[in-house]
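Same order as they appear, the protein sequences are chains A and B. In terms of my numbering, the first sequence is residues 44 to 593. In terms of my numbering, the second sequence is residues 44 to 593.
Take the hints with a grain of salt, since some may be wrong.
Same chains, same label: a pair holds when it works inside one copy or across any pair of copies.
Unchecked claim - No more than 30 Å apart at the CA atoms, straight line, and that leaves these computed lysine-lysine pairs for DSSO-like: (1) Lys590 with Lys110; (2) Lys490 with Lys184; (3) Lys227 with Lys65; (4) Lys535 with Lys50; (5) Lys559 with Lys397; (6) Lys423 with Lys65; (7) Lys562 with Lys368; (8) Lys451 with Lys50; (9) Lys368 with Lys568.
What the hints contain is simulated information worked out from the structure, not anything from laboratory work.
2 protein chains.
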Amino acid sequence: MPTATPKTYAPGECYDYQLLVKHLLESPRIFASDQEILYRDRFRMTYRDLFARLRRLANVLAGLGVKFGDTVCMFDYDSHRYLETFLGVPMMGAVLHTQNWRLSPEQILYTMNHAEDKVVLVHADFVPLLEPLWRKLTTVKKFILLADDFKTPAATIPFAGEYESLLAAADPEYDFPDFDERTKATTFYTTGTTGLPKGVYFSHRQIVLHTQSGVIIQGAFESVCRFRSNDVYMPLTPMFHVHAWGVPYGATLLGAKQVYPGRYEPETILRLVETERVTYSHCVPTVLQMILNHPAAAKADLSRWKVVVGGARLNKGLAEAAVKKGIEIYASYGMSETCPLACRANLKTPLLGKPMEEVLDYLIMTGLPAPFVYVRLFDKEGREVPSDGRSPGEVCLRSPWLAESYFKDPERTRDLWRAGWLHTGDIGVMNAEGYLQVTDRIKDVIKTGGEWISSLDLENLLSQHDAVLESAAIGVSDAKWGERPLMLAVLKSAYAGRVGEAELRQFLVEAAQQGKIPKYGVPDKVRIVEALPKTSVGKINKIALRKEYP
Amino acid sequence: MPTATPKTYAPGECYDYQLLVKHLLESPRIFASDQEILYRDRFRMTYRDLFARLRRLANVLAGLGVKFGDTVCMFDYDSHRYLETFLGVPMMGAVLHTQNWRLSPEQILYTMNHAEDKVVLVHADFVPLLEPLWRKLTTVKKFILLADDFKTPAATIPFAGEYESLLAAADPEYDFPDFDERTKATTFYTTGTTGLPKGVYFSHRQIVLHTQSGVIIQGAFESVCRFRSNDVYMPLTPMFHVHAWGVPYGATLLGAKQVYPGRYEPETILRLVETERVTYSHCVPTVLQMILNHPAAAKADLSRWKVVVGGARLNKGLAEAAVKKGIEIYASYGMSETCPLACRANLKTPLLGKPMEEVLDYLIMTGLPAPFVYVRLFDKEGREVPSDGRSPGEVCLRSPWLAESYFKDPERTRDLWRAGWLHTGDIGVMNAEGYLQVTDRIKDVIKTGGEWISSLDLENLLSQHDAVLESAAIGVSDAKWGERPLMLAVLKSAYAGRVGEAELRQFLVEAAQQGKIPKYGVPDKVRIVEALPKTSVGKINKIALRKEYP
Chain A
44 MPTATPKTYA PGECYDYQLL VKHLLESPRI FASDQEILYR DRFRMTYRDL FARLRRLANV
104 LAGLGVKFGD TVCMFDYDSH RYLETFLGVP MMGAVLHTQN WRLSPEQILY TMNHAEDKVV
164 LVHADFVPLL EPLWRKLTTV KKFILLADDF KTPAATIPFA GEYESLLAAA DPEYDFPDFD
224 ERTKATTFYT TGTTGLPKGV YFSHRQIVLH TQSGVIIQGA FESVCRFRSN DVYMPLTPMF
284 HVHAWGVPYG ATLLGAKQVY PGRYEPETIL RLVETERVTY SHCVPTVLQM ILNHPAAAKA
344 DLSRWKVVVG GARLNKGLAE AAVKKGIEIY ASYGMSETCP LACRANLKTP LLGKPMEEVL
404 DYLIMTGLPA PFVYVRLFDK EGREVPSDGR SPGEVCLRSP WLAESYFKDP ERTRDLWRAG
464 WLHTGDIGVM NAEGYLQVTD RIKDVIKTGG EWISSLDLEN LLSQHDAVLE SAAIGVSDAK
524 WGERPLMLAV LKSAYAGRVG EAELRQFLVE AAQQGKIPKY GVPDKVRIVE ALPKTSVGKI
584 NKIALRKEYP
Chain B
44 MPTATPKTYA PGECYDYQLL VKHLLESPRI FASDQEILYR DRFRMTYRDL FARLRRLANV
104 LAGLGVKFGD TVCMFDYDSH RYLETFLGVP MMGAVLHTQN WRLSPEQILY TMNHAEDKVV
164 LVHADFVPLL EPLWRKLTTV KKFILLADDF KTPAATIPFA GEYESLLAAA DPEYDFPDFD
224 ERTKATTFYT TGTTGLPKGV YFSHRQIVLH TQSGVIIQGA FESVCRFRSN DVYMPLTPMF
284 HVHAWGVPYG ATLLGAKQVY PGRYEPETIL RLVETERVTY SHCVPTVLQM ILNHPAAAKA
344 DLSRWKVVVG GARLNKGLAE AAVKKGIEIY ASYGMSETCP LACRANLKTP LLGKPMEEVL
404 DYLIMTGLPA PFVYVRLFDK EGREVPSDGR SPGEVCLRSP WLAESYFKDP ERTRDLWRAG
464 WLHTGDIGVM NAEGYLQVTD RIKDVIKTGG EWISSLDLEN LLSQHDAVLE SAAIGVSDAK
524 WGERPLMLAV LKSAYAGRVG EAELRQFLVE AAQQGKIPKY GVPDKVRIVE ALPKTSVGKI
584 NKIALRKEYP
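Isolated chain A, as found in the complex:
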């Protein structure tokens, strides 16, 4: 176990520079001291303020007993406070547990006890969620209230105080220590298909290297949808979910203006994009869908906005709708276990300067590996498959920031790491140019008569029908073929009642006739449904669908 070791240096002894989160801050301290960070219309500060507040936060937490290696749990919407814990908690040598408040109460209780949280920061809105649980927490010693209006909600939780008041009362001086770069910095839980949530965790070294590569792939490579120091950043992937893809760390390193939107409300988001001149965001497809379909989007000027889409496949239909609104868009790929950066759909240099429409098929691919990332596709026997755009293999990765194990779970770690490669559980193909396309989760592949059908390919096709808002393809049991594809589609409200199931199926039949999918891939049935179930991070929940349509 590494420990914080204050050190004096002898003459001739060089500084032992560890890759620590605190070192991300030296560049913006000078470059961006007057740059702004804000939380909706509630709070506005400069980077200079941020640094002062980080020191106060560290004193607050130290005062509540947080020591090197202790875990601090954060329950909040995307806020300036969340950014402060992203930085300040690891910089003390403590571990930040970013809590997914969309989990069930049982899962939340499990993860907090499993992570051994010592101090919990909780937004007033989540107090009702925590109220019935807090007495069952086995390791928590203290609670801090996050209240936008400074009001304490009715609850029996023994709060040590409210965040802003505690900060205001704290000592403004704190010296963040040096320690080993392999010290754990963050942890969070990912919910798999079965079983209890799995804890992943990342070290200072991993976060620093991930931040650098993320900044390079999005800034130093020329392509569409760039993120640079003069951009205005607003996350639309919750900060509890893989550090909002790590982008708040990158935005801070670059000294960019940062806008935290709180709870995701389309009207607020659209207003912030316009009033704060937000230029760069990232989200899962369903969030972009939700924003573009909101009535307020029609009037909004989104022509400065660049949006990276990940977490699930960026369908062409959604991409086209975004481009039509003047949004620059491209796809990214990663997962909780990968910190998450793996691939970005950058354009190669010869493709630069072409109109968005011409390059859109590249921009919606899974993409090219980020610097320092190795992507290999292996078949079941562990042999690499050819890069021919057709041969499927499991996507396997190496990079300096991959989860080294599931926390206290050697059994499931053995599935994750095999032969020195992280096995993602995704199936993909790679074309001769080196672009990866993930075609399915292994468990979502539809197997019919010995052939594999990609559910994501079917969904991508149907997304291009004018009437379709979103869709899901799953395999249903079939006596003859083993499985047959079934598609479930949600219509855009303007089309409800005007488009039928047969028409949607016919759209896919025609796609098969054009060679876009094999004929055996055409679903026997397309069902129109009111809505599709979602997971806690906003992806379509196929486990639930398979239960419903066995």
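Dock chain B against chain A, hints included.
Just chain B now, with coordinates in the frame of chain A:
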């Protein structure tokens, strides 16, 4: 001592990802396989070719007995071959010694024996230099000839073969091993004011982290003079000198087109800028001066060209001349011991979009620290001086890529590292915005009547006189004041005989009247001379000047 350890991975065991030079190549392998790398009009290859040639080179060197930890010495102009050794030698686990062929024969002999070189690659042009030395080399076992025309010069050196022929005959398969990231990758020698050349050396970890930060400061930060994946790169700082500032590593990571100019000839350089559409270069001021003053420059279209100037102060006069030719320009700061990246004169976000003329005073400053670099100014007692733009202090640094010691020289290492800070030997001031301005080498400061005069400030002022090509300010002994400043100036050829010493001095008197320098800073004399002596890396040699004008 770390060793190469091939490894098999147990189930559940994660890949031990060390920060190795070879990992810089995975991203361009896919992104830029068809991108070009070329050497003047002599050689042209793709990145795909580069990777094949690296494996052949490793087999050639292994065949000549190069083992893990052995040192390989390179004597060449800037070439594709040099890039191959930058990558291939460290990737084997060997150490690349980049030889400064401008050193004296005695210094060259000393450095090769001190570095314990095992194999030497030498360009035909430098064979006459090596011929009288080679029998005195105590550790060298083999020699490889680098011959642009495949001809072997008359010499007794027992060459094992010619580079291209050896590569062509070598096995094309080689598996670059994994090993500890703190393994030494490169070494070279820096000549100080006194004593023998000092060996500095850098590890794989240092080169990787330096490359990332260099790519970020020049690509992900928005400013003038950016370097991104779609740029065309040509070094104009010799590759023997601090890895050509590490930019070849960054250019390779980004998969940019690379142009190696061979011997620096203004006509060739200007032609390559035009024909190969070079967009990005870096050099010391004297090289830019040489190019701009060449008759061929008048007709050349340099409007696409961006040039980073470092190694010595970028004077305003030179910067203005470059801007007049349509060149984007800015200053950088570093030294051999700092790998070299420390500061770049990036513009802060509020300054973006202003005309070059308005921001030129920022662009010629020493600049802002690169990501992960700490800059502090300490007085003689080790106290930090205020950031007021006036208080001088020694520039001290921390970053993850600073030389940890001088090779086999603990005594001079004790001067370099004090209290955990690398002491640069430079004097500078920092303004309230955080911009550093180096004002002198400590040993070049002119001390007159208890006051300090910055020689660089005097030179920067005189550079703005239309007639002045270059100048140097030094202190000469003075019975009353201790020292008094003397300036030596070289006139542009068009002004020779038309401008006198009194007129130049009057220009400085007027500057003092305008408050640009203190009155006691006006030199008692400005001497017009034919030329100024230069060091082996092209800087003005003030040691020689002080000897000449005691």
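So, going through the hints one by one against the coordinates:
| no. | hint | in the structure |
| --- | --- | --- |
| 1 | Lys590 with Lys110 | neither (45 Å within a copy, 60 Å between copies) |
| 2 | Lys490 with Lys184 | neither (50 Å within a copy, 62 Å between copies) |
| 3 | Lys227 with Lys65 | both (14 Å within a copy, 27 Å between copies) |
| 4 | Lys535 with Lys50 | neither (63 Å within a copy, 54 Å between copies) |
| 5 | Lys559 with Lys397 | within (24 Å within a copy, 50 Å between copies) |
| 6 | Lys423 with Lys65 | between (42 Å within a copy, 28 Å between copies) |
| 7 | Lys562 with Lys368 | neither (34 Å within a copy, 63 Å between copies) |
| 8 | Lys451 with Lys50 | between (32 Å within a copy, 25 Å between copies) |
| 9 | Lys368 with Lys568 | neither (33 Å within a copy, 68 Å between copies) |
Hint violations for this structure: numbers 1, 2, 4, 7 and 9, all remaining hints satisfied.
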